[in-house]
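There are 2 protein chains.
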Amino acid sequence: MKALIIAGGEFSPEVAMKTLEEGSFDRIIAIDNGLSYLHNLKITPTHIVGDFDTVSQELLKEYQEESKVKIVTLCPEKDATDTEVAVDLAVEEGCKSIFILGATGGRFDHTLANLHMLYKLLCQGIQAYLIDKNNKIYLIKESITLLANEVKSTYVSLLPFTEEVTEVTLLGFKYPLTNYHLTQGTSIGVSNEIIEAKAQILFDKGVLIVVESKDT
Amino acid sequence: MKALIIAGGEFSPEVAMKTLEEGSFDRIIAIDNGLSYLHNLKITPTHIVGDFDTVSQELLKEYQEESKVKIVTLCPEKDATDTEVAVDLAVEEGCKSIFILGATGGRFDHTLANLHMLYKLLCQGIQAYLIDKNNKIYLIKESITLLANEVKSTYVSLLPFTEEVTEVTLLGFKYPLTNYHLTQGTSIGVSNEIIEAKAQILFDKGVLIVVESKDT
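So the protein lines, in turn, are chains A and B.
Its first residue numbered 1, the first sequence is counted upward by one per residue in the working numbering.
Its first residue numbered 1001, the second sequence is counted upward by one per residue in the working numbering.
This is chain A alone, in the form it adopts within the complex (with noise of 0.2 angstroms):
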């Protein structure tokens, strides 16, 4: 089962219709705002989640009345954050692969935040991926096989999210790596790039954060 969840942060449209065009979702949650972005590309969400500060009281009754989505309301001095709620929602639902739009952008504690709720996820065998108009953000435990006609971004670059990131090599890439000992401090795995069709991520220990990334 595939997410994917609009946050009210930065949003860019056009993403989020090759994003919809891409993959096949079970689940489309939108979070307060977010519901105004969905509204405008006329998709229609599973879900909403929200205090409802920041969408129209207006545009949320349209949805009430409509019984197919299900709407759950937040109160506004919560211990998790919006997207948290929906994330766990999603996870309910059975979902093992989530999709985040408008989770990034102006405030980077949230951004933070959210790079932070990649790696509780990942713990608890679920992948999720922070999409916006520059990047797809993603962090891995194991190695990983990169097809070049998937990613489409010019950038692929590698950071470390755990102190330290054992015996990283890549194979297929501009910059090729051997058991390198990657530590918190180095940017030695930035502005990588695909060079073959097949590119690996190959690694001991450790979680890494992957940024597929291009310039606008």
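If you are wondering where the hints come from, they were derived from the structure by calculation, not from laboratory data.
Careful: at least some of the hints might be erroneous.
[Unchecked claim] In silico DSS-like pairs for lysine-lysine, Cα to Cα no more than 25 angstroms straight-line:
{"hint": "1", "chain 1": "A", "residue 1": "Lys141", "chain 2": "A", "residue 2": "Lys120"}
{"hint": "2", "chain 1": "B", "residue 1": "Lys1096", "chain 2": "A", "residue 2": "Lys78"}
{"hint": "3", "chain 1": "B", "residue 1": "Lys1214", "chain 2": "A", "residue 2": "Lys133"}
{"hint": "4", "chain 1": "B", "residue 1": "Lys1061", "chain 2": "B", "residue 2": "Lys1096"}
{"hint": "5", "chain 1": "B", "residue 1": "Lys1205", "chain 2": "B", "residue 2": "Lys1174"}
{"hint": "6", "chain 1": "A", "residue 1": "Lys205", "chain 2": "B", "residue 2": "Lys1205"}
{"hint": "7", "chain 1": "B", "residue 1": "Lys1174", "chain 2": "B", "residue 2": "Lys1214"}
{"hint": "8", "chain 1": "A", "residue 1": "Lys96", "chain 2": "A", "residue 2": "Lys2"}
{"hint": "9", "chain 1": "B", "residue 1": "Lys1070", "chain 2": "B", "residue 2": "Lys1002"}
{"hint": "10", "chain 1": "B", "residue 1": "Lys1141", "chain 2": "A", "residue 2": "Lys120"}
{"hint": "11", "chain 1": "B", "residue 1": "Lys1018", "chain 2": "B", "residue 2": "Lys1152"}
{"hint": "12", "chain 1": "A", "residue 1": "Lys78", "chain 2": "B", "residue 2": "Lys1174"}
{"hint": "13", "chain 1": "A", "residue 1": "Lys96", "chain 2": "A", "residue 2": "Lys18"}
{"hint": "14", "chain 1": "A", "residue 1": "Lys214", "chain 2": "B", "residue 2": "Lys1018"}
{"hint": "15", "chain 1": "A", "residue 1": "Lys174", "chain 2": "A", "residue 2": "Lys42"}
{"hint": "16", "chain 1": "A", "residue 1": "Lys174", "chain 2": "A", "residue 2": "Lys120"}
{"hint": "17", "chain 1": "A", "residue 1": "Lys78", "chain 2": "A", "residue 2": "Lys120"}
{"hint": "18", "chain 1": "A", "residue 1": "Lys120", "chain 2": "B", "residue 2": "Lys1133"}
{"hint": "19", "chain 1": "A", "residue 1": "Lys70", "chain 2": "A", "residue 2": "Lys133"}
{"hint": "20", "chain 1": "A", "residue 1": "Lys214", "chain 2": "B", "residue 2": "Lys1133"}
{"hint": "21", "chain 1": "A", "residue 1": "Lys141", "chain 2": "B", "residue 2": "Lys1120"}
{"hint": "22", "chain 1": "A", "residue 1": "Lys141", "chain 2": "A", "residue 2": "Lys205"}
{"hint": "23", "chain 1": "A", "residue 1": "Lys205", "chain 2": "B", "residue 2": "Lys1120"}
{"hint": "24", "chain 1": "B", "residue 1": "Lys1078", "chain 2": "B", "residue 2": "Lys1042"}
{"hint": "25", "chain 1": "A", "residue 1": "Lys18", "chain 2": "A", "residue 2": "Lys42"}
{"hint": "26", "chain 1": "A", "residue 1": "Lys133", "chain 2": "B", "residue 2": "Lys1133"}
{"hint": "27", "chain 1": "A", "residue 1": "Lys70", "chain 2": "A", "residue 2": "Lys42"}
{"hint": "28", "chain 1": "A", "residue 1": "Lys141", "chain 2": "A", "residue 2": "Lys2"}
{"hint": "29", "chain 1": "B", "residue 1": "Lys1078", "chain 2": "A", "residue 2": "Lys174"}
[Unchecked claim] Take a look, some chain A residues computed to stay more than 10 angstroms from chain B by CB distance:
{"hint": "30", "residue": "Glu22"}
{"hint": "31", "residue": "Glu58"}
{"hint": "32", "residue": "Gln64"}
{"hint": "33", "residue": "Glu65"}
{"hint": "34", "residue": "Lys68"}
{"hint": "35", "residue": "Cys75"}
{"hint": "36", "residue": "Ser97"}
{"hint": "37", "residue": "Met117"}
{"hint": "38", "residue": "Ile126"}
{"hint": "39", "residue": "Leu159"}
{"hint": "40", "residue": "Thr169"}
Keep in mind the model is a prediction, meaning the values are calculated, not measured.
Every residue, glycine too, gets a C-beta built ideally from N, C-alpha and C.
Could you slot chain B onto chain A? The hints should help.
Relative to chain A, chain B alone:
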């Protein structure tokens, strides 16, 4: 000694003027197109660094004729990023405090690499800050006191940079914590607010990311 570095990313003239007014900078270093930002503000840098692929040659020439400005030309294919070279220059000149503007936004791999650079600097005993219109981002490895009248932002968020930060105690904050064991994947430290004249962030081991932020 204090340095101000202007990188070529997202730039706010208001934030730059405010930073310049509040601090007395011994070195002002423009990176590539950061020069045009400074030029528009009628501020002359002490140094200009870059491979000069994004700044106009005409503008650069104006400064080449000005003998007081040192120009460091980099080769486009290099191991260190332009920002790292500018930071190294500030460190060589003896600066112990470095404020970096235009180093966030857009490509998240660049922003993350800059966050890791803050860590490298912290290990060298140098306190550095990434500043943009929503955020002042820095790392700490020791307890600190914040004065409410010096923090210009609404929120103060704390996230772990290392895998754990032990015995976190927050005093003078809206949401206090006592001897809290902060680990990666938790967002409990996000969106706190200072409510007393002095606020203290106390902890035992680890490195914390502090983000003073505001919505715009």
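Against the structure, the hints:
no.: 1; hint: A:Lys141 to A:Lys120; result: holds (12 angstroms)
no.: 2; hint: B:Lys1096 to A:Lys78; result: violated (40 angstroms)
no.: 3; hint: B:Lys1214 to A:Lys133; result: holds (23 angstroms)
no.: 4; hint: B:Lys1061 to B:Lys1096; result: violated (31 angstroms)
no.: 5; hint: B:Lys1205 to B:Lys1174; result: holds (23 angstroms)
no.: 6; hint: A:Lys205 to B:Lys1205; result: holds (23 angstroms)
no.: 7; hint: B:Lys1174 to B:Lys1214; result: holds (16 angstroms)
no.: 8; hint: A:Lys96 to A:Lys2; result: holds (6 angstroms)
no.: 9; hint: B:Lys1070 to B:Lys1002; result: holds (17 angstroms)
no.: 10; hint: B:Lys1141 to A:Lys120; result: holds (24 angstroms)
no.: 11; hint: B:Lys1018 to B:Lys1152; result: holds (11 angstroms)
no.: 12; hint: A:Lys78 to B:Lys1174; result: holds (13 angstroms)
no.: 13; hint: A:Lys96 to A:Lys18; result: holds (20 angstroms)
no.: 14; hint: A:Lys214 to B:Lys1018; result: violated (31 angstroms)
no.: 15; hint: A:Lys174 to A:Lys42; result: violated (41 angstroms)
no.: 16; hint: A:Lys174 to A:Lys120; result: violated (31 angstroms)
no.: 17; hint: A:Lys78 to A:Lys120; result: holds (19 angstroms)
no.: 18; hint: A:Lys120 to B:Lys1133; result: violated (29 angstroms)
no.: 19; hint: A:Lys70 to A:Lys133; result: violated (29 angstroms)
no.: 20; hint: A:Lys214 to B:Lys1133; result: holds (23 angstroms)
no.: 21; hint: A:Lys141 to B:Lys1120; result: holds (24 angstroms)
no.: 22; hint: A:Lys141 to A:Lys205; result: holds (7 angstroms)
no.: 23; hint: A:Lys205 to B:Lys1120; result: holds (22 angstroms)
no.: 24; hint: B:Lys1078 to B:Lys1042; result: violated (31 angstroms)
no.: 25; hint: A:Lys18 to A:Lys42; result: holds (14 angstroms)
no.: 26; hint: A:Lys133 to B:Lys1133; result: holds (20 angstroms)
no.: 27; hint: A:Lys70 to A:Lys42; result: holds (17 angstroms)
no.: 28; hint: A:Lys141 to A:Lys2; result: holds (20 angstroms)
no.: 29; hint: B:Lys1078 to A:Lys174; result: holds (13 angstroms)
no.: 30; hint: Glu22; result: holds (20 angstroms)
no.: 31; hint: Glu58; result: holds (23 angstroms)
no.: 32; hint: Gln64; result: holds (27 angstroms)
no.: 33; hint: Glu65; result: holds (31 angstroms)
no.: 34; hint: Lys68; result: holds (31 angstroms)
no.: 35; hint: Cys75; result: holds (15 angstroms)
no.: 36; hint: Ser97; result: holds (19 angstroms)
no.: 37; hint: Met117; result: violated (7 angstroms)
no.: 38; hint: Ile126; result: holds (12 angstroms)
no.: 39; hint: Leu159; result: violated (5 angstroms)
no.: 40; hint: Thr169; result: holds (19 angstroms)
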